[in-house]
Structure formats: C-alpha cells, structure tokens
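**Student:** What follows is the residue order along each chain.
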Amino acid sequence: MGGISFGLLLRIALRSLVGHRIKGLIVGAILAFGTFLVVLGTTLLDNVERAMEESITGSLTGHLQLVSTEADDELAFFGPAVASDQDLASIADYARVKEAVLAIDNVQAVIPMGRQVAQGVVGNELDQRLEELRAAVREEDGEKIADLSARVQRMVRLLLVEKENTREIVANPEELDEGIAHLRRASSDEFWAAFPADPIGSLEFLDTKVAPLSSTDPGIFLPYVATDLHAYAEHFPHFEIADGEMVPRGRKGFLFNKTYFEETAKNKVARTLDTVKEAIELDGKTIAGDPLLQEKIATGTKYIRHVTEQLGPKDAAHVEAKLRELLPGTEGGLQELLVAFLQVDDATFAERYRFFYDVIAPRIRLYRINVGDVVTIRALSQDGYMRAVNLKVYGTFRLKGLERSALASIYNLMDLMSFRDLYGLMTPEKRREIDALRAEVGVADLDRGDVEDALFGGGAEVDTELASGAVDVDAALAAAGAELAKATDTFDPADLERGMTLHAAVVLKDPARLAETMAAIEQASREQELGVRPFTWQQVAGIVGQFVLVMRVVLYVAIGILFAVALVIINNSMVMATMDRVGEIGTMRAIGARRRFVLALFLLETVVLALLAGAVGSGLAVGLVALLGKTGIPAAGNDALIFLFGGPALYPQVVWANLLVGLLAITSISLVSTFYPARIAARIAPVVAMQSRE
Amino acid sequence: MAGIVEVHDVVKEYPLGSLTVQALRGVSLTLEQGEFAAIAGTSGSGKTTLLNLIGCVDVPTRGTVRIDGQSTASLNDAKLTELRLRKLGFIFQTFNLIAVLDVFQNVEFPLLLQGGLSKAERSARVREMVEKVGLTRQLRQRPSELSGGQRQRVAIARALVTRPAIVLADEPTANLDSATGTAIIELMKQINADQGTTFIFSTHDPKVTDRADRVIRLQDGLIVDDGRGVKAGAA
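Same order as they appear, the protein sequences are chains A and B.
Counting in the working numbering, the first sequence runs from 1 upward without gaps.
Counting in the working numbering, the second sequence runs from 695 upward without gaps.
Incorrect hints may have been included.
Said to hold, decoys possible - Per label pair, the in silico range of CB-to-CB distance:
1. B/Ala793 / A/Ala558: 33 to 41 angstroms
2. A/Ile22 / B/Asp762: 38 to 46 angstroms
3. A/Ser668 / B/Ser838: 31 to 39 angstroms
4. B/Ser765 / A/Ala558: 54 to 62 angstroms
5. B/Ala793 / A/Ala657: 38 to 46 angstroms
6. A/Arg683 / B/Glu707: 17 to 25 angstroms
7. B/Asp762 / A/Ala657: 51 to 59 angstroms
Think of the hints as simulated: they come from the structure by calculation, not from any bench.
In this text, all values refer to a predicted model and were calculated from it rather than measured experimentally.
We put the CB at the ideal spot given by N, CA and C, even for glycine.
Required output: the full structure, derived from the provided sequences and hints.
**Tutor:** Right under this line is the structure:
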C-alpha cells in the first residue's frame, strides 16, 4: 500500500461512515438484523438440541445404542417406524458385547434393551363385575351379592337400551333379536328375584349369553421398552417411580409410564376434566379462549357411558339427586344431567371438577387397571405367533420434567426376561429343549414352517388368535420345556446378562466425547467380532432426532434468503454511494491514492460497518437469550415442545461461539456484497476530479 | 536545457459517438522550473486537456509529455499515480476537499499517502502550510464550515504540503468572488516567489492572466500565443 497506514484508512472509513449516515443506518440495520437472526437462531437451536439431547438420552436411549450388524432396519424410538415391525436382528451374546464395550474408557454403563408394541388385555366392565359376583357367591357374602346383582342388572339394562337403539338403525335387525331377548331376561326383576335360588345357573347364563353381548374391550395399546430395570433406573436420571414400587430385583413385572397410564387407563370423563384443569392451571388457558379445550369438553360428553354403566342403582340415584341439586331446572334423567354437568365453562369448571371427584369418582372405577393388578400382555412375536405373558403392574414411573409430553411418554417399561418370552427369539437352550422334544415326538426334521403346514394344511392362513390359544406349537413346546420358569415370575438376575437382547443403550461418562467413543466401539466390534454397530441417540431417536436438523435447515434457508436480500441491498446502496463519491474518489486518485487504496477503503468501510452492526445485532440477541434464560420460553403445554425443551420451559444459555459465527457471517456477506462497488470505485479515473461539477 | 515540463507535438483525441474529436492538435511547449504560467483560452479550446496531460491524469494520443524528464506515455496507472504523488500538486476549480476530513486531515492526506514522515514531522509540515495560507484558527473545521476562499486556501496547502515540483491549478478562481480570487492568486504568486514552485494554471479570467509571468493561449486545440515573459494585456 506504499506506506499507507491502516490508521488513515480506518479514519477515512469511519469518517465516511459518519458522513454517509443514512446509508450506514439502513445497511447497518439490515446487517444488525441478520446478525441478530443468526446469533439468536443458532443459539436457540443449540439450546434445543442440548435440551433434547438431555431428555432423550436421559430418559430412553442413552448416548449410544448398539444394534446388531445383521439388522435390516434402522432402530427408531420415535416416529412412524415405531408402530411398524423393525427388523433389528438381535444381539445374541449380550454378555460378551457388554464386557467389551464397558472396557472402553468413556463408557459408564451398557444396558440391554428390547422394544415392542404389545397389547394389554383387560376384561370388560361386565366381565369384571360378574367375576366379582361369582366371588361373592363363593364367599356367600349376602350384602355384596345384593349390591353386585343390582349393578349387573343396571349394566344389563343399559346394554339392552343400547342394543334396542342399535336395532333401529342396522340393516339386519333380526340378527340382534336373540341377544335382546337374553338381555330382556337378564334385566328383568324376576331374573334377579330368582338369582339367590340358583346363583350358579344364573351366573352361567350371564357369562355365556349376556357377557359376550357387551362390547369387547379393545385392550390397551402398550408400547414398551424392556430392559434391566434396575440398571435403567440407575443410569437414566429422568426416571422416577410415581406410584407403587419398583419391580423387585429378580422379578418379572411391568411399570406404566404415569402419563401414558393416565391417558389410557383412566376413566375418560375423569381424564377429560383433568386435561382441562391442567390447561387452565398450568398453561393459563381459558375455555372461552381455546377452541381445542372446547372440543375436548365436547368430546368428553361422549364418554358418559363410562360413568353411567359403572354406577350401581343406589349410587346412580345418589349421583342423580346431587346433580339435580347442582343443576336445578335440568330436564331428564341421569344421562341428561351428566351431559348438562359436563357443559363446563370458565365460571363453573372449578366447582364441577370438585363435584366430580367428591361425588362421582368414589362410586366408579377410576382406572381400568390398578397398580398391583396382573395384566395379560400380548404381542406378535418374531416367529409370527401371538404370545402372551401375565405380568404384575408394580407401579407407574414418571420421566421428570417430561411428564406432560405424550411424545416422551409413549414407552412403558418391562423386565427383559418377559420381553425374551414375548419377542419369541430362540435361545440356544430353548432350541436344544425343543429339538429334544421334537426328537421325542418324531418331528425332528420339520422346521417351523413345516409344522404349520402339517397342522393347518399347506398355505393355510394362520389365525393368530387361534394360534395363541389352542395350537401354538412353539409356545406349547417352549412351555413344556420351560415349565418351571413359567410357573413363577422370578428369575436369576444373572440371566439378564446371559442370552439375547434386541439392542443396548450405552451411557457415557463424558457425552462430549461421543464421536470418539463411537469409533472405539466400532473398532472393538471389528476386532473382537462382536457383531454390533453403535448409533448416536440422534440417529435412533428417529423423526424427533431429525427435528433439530430440519429446523437448522429451515433457519439456514431463512438466513440465506435474508443474506441474499442484504447482499442485493448492500450492493445497490454501495454502488449508489460510489456514484455520490465519484468526485471525492477522483480527487484522492488525482492527488496520489492508488487503486488498491480506494479498494481497501471501501472494503474497510464495510467491515467496520458490519462489525458495528454485528455487535449491535449480536448484542441484542445475547441480551434476549439472557433474558429468556431467566424467564424461560414456555412450551405452553405443547407436547412436542415439552419434549424438545426437555421440560415445561426452555432456559436458553448464551453460546459464545455463535457470536463469532454471526460476526464472521455478516462480515463475509458484507465484503462479498461490497466487492463489486469497491471495484467500480477503484476504477474511477483521476481525471474526473478535474471536471467541474458546479 | 530540459524543462520541468516538456510537451512535444501532442495530439489528444476523444471519441464522441462515432466521431473523433481532437481536443489538442499538435501542441508543444516547455516550462522551466519556477515559472508562473497561465493557460488561457475559451471553453473548448483545449486548456483543461492540456492541464490533464501535464497533470498525468491523462495520457496523450500521440506525442510526448515529459515531467521532470520522464515520459508519461510509457507509465502504467500505478506509476502515473506515484508520479502525481511525488512531483505534482493539484488545485481544483471546485476545491475538491475530502468532506469527511477536517482542515488538518485534508492537508495531511497526501503526506500520509506518501508515507515516510513521522507523525511529528507531518504535523509540523501541515501546520507550516496551514499557517502560510492563513487558516491556523480553522485547523479542526470541516470543509462545509469554511467559505469558498478558505476552502481554496486549504486546497493550496494540500497541493503544496508535499513540496511538489509543479502545482497545477484548474481555473482556481472560477468559483470565487473577484476579491477572493485575487487574494488566492496573490498567495500562489507569493509561494512561487518564496519556494520556486512551478505553477501552471488554466483560466479565462483576465485578472488572473494579468498576474501570470507567461500566458499560453489556446484556440481550437492549438497554441496561438505563447507570451513568454510578456504581460498579455491585450486580452
């Protein structure tokens, strides 16, 4: 630069900026906004990613998941793939994998996992009442018999009304006639007057002719993760028992996710009122101001049957009387009163909520399943058969901070041993036992397909219901072979290590060294032929893991567009500024400034402007992040947001590296957009200085 | 003896649409060190073109222009810039001060471009020149705060601060009132006498040509009169 000091350039640049304030302010404002957006956007995304990482790794996946190298599908905990059957093969020799992976220095724990979508079978309401009645009859408890008889009679009456109504609208009403006749008989006072005389016969009639008419309970859709429950509890910090107790060591058992449990097992009317209460109290919503809440309330009235059919005659009368007191002037019976009762608004909600829990709730079964119950859990096993296990529900658990996120709460927990039974993968021992049994019965050379063919005729479609019940060969064989184990719900905790697992979570000491540890696991797997491949929590989180990536792409596209606009505007205004300054530049050139000087001057002006504007923009962004870090960004009860925020609100922290990124980005974009006008300026001939302009 | 400025048979053509306009049609002249010369002529006579060629902001189409023995035709932009910076000072009709710099900074600017002087030396040089043009009290003012005459004084100080061999002035009084114009010419004349700086200025103002030692008259791109050492009172 021929001895031109940077100081001179800077001084002229600064003075030019001051001299051309308006241009500076407009361009500066755009640059400041751009920086603001870059810094704020990237910082928020980084924070969401951190929060999401914390909630996913701390509740479900661990930092890494090990999956068999034989797997055809990618493990995905969330998203559409959850419902479908993923072919993950399995890790056959888990003990060896665990030992090898634990030897890597950053690995804190390796926890076996299996994952499946099962069905929880609970008998329907009538079935349950009849069973209670049978017990009462057995115990000769006259009072209980009278109460339950009245309840069952009432339920049958309601069922009769339902069937008669159905008859009005169906195409073949006569098909219902036989059932209606049974219901008429079972709801008549004569039937019940005769009941004490022949309770067994009457129960037989009710069980075989009436109960099947009651709509069958669809069961509960039960996605679960099976694991070494105690290791899981120790290494997943979000886990906490909410009700009941932890499944004891060496016991098979089931734990419901509390949120999931409330959503699926609780009486629908009660659940509706709970959700409305949460929205009002936790999210500050009002019924009047939230159409979604109004819809929820409207839907809630459709579940009135869940209340009415559970009330015995005495209770029904009591509730009806209380409701009439609460809602004077309402026409009709209990049904109509309940409909009117559930038409809540902001003024009446608190009172009605209290009424429901004081008057109605104690008289109905609030949950379809209770802690301590044994549920039948059925699932389609890998070998194509429906398998079932009976498991005690020891309790419910919550994922701290994520209680209100349905997305985070879709998985319940089961012990790994029951999973092995349900998943239906052959263990070597099982295989040996079955082979022995086959040899005994002379089917040594038949494989499973052949067995099916032999039983059902070639190619016949297998009714899984049937298969699970009567003729599940594998299950029958397995049952025969492992009768002792099945008879009890205990197991040797050491068995958790032995045998297969579907995949396994790896919890790291230092999550920042994830990539390094992953490489170490890959190497160990190769060298020791472990047959496993590690995936990051983000990879296995499925669609959720991609969310931040998608948001990042969206943000970068938005920033890209903003930058393109900024580029054009800066370029334009700099070209215009150059035109304004032709005389000045010509003069500089005439009195001895070289082209490079002019070029440098223009670029420096932009850099100074970019840095100033960048400082303002990033300063604002940092200020906003700091403020949000104090107040928190509420997830507003939004399910996905709660999950992404790792709790009911996100408290973002300033990520200083993003400041640098923002400043660098804005400076580069300014330099690029100034380059053309600067070149124009540098080409201005010194002779223009001599041309008179006034 | 070679002059500080030697113009030999210079032709300067400009394209004007499809036509070519000859601004200078074969001009030759020599200026000695220390001359105080005016180039006079009507608008379009070629006087500004001639001044541009001598000022190295333009090069001739044909012929040669030598400044201190160096031909400008063979020099690239960087070399011409260097030549302007080292040998020439410019005074413009419209003053052409850098609006964003104050008086001191405007005068200091060419010294900074030249480099080589310490801050103290630069400051001394600037103050000396500013004192010489009588603007010591306006040192920290911006051009917009000065009168026309004051601005042209700043321009003179800026042109002279590098101690150039030649100062070129393009109609230096055109935008000044008569009294101020005269005062500016007197100032230039005095510096010429004190420091022996060669002054070449274009003008069509008789009051200015009256003060010149030599008046070169141009008409239609040719020198029609070169009154060396003669007062051109006839205009």
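**Student:** Of all the hints given earlier, name the ones this structure violates by number, lowest first.
**Tutor:** Violated: none.
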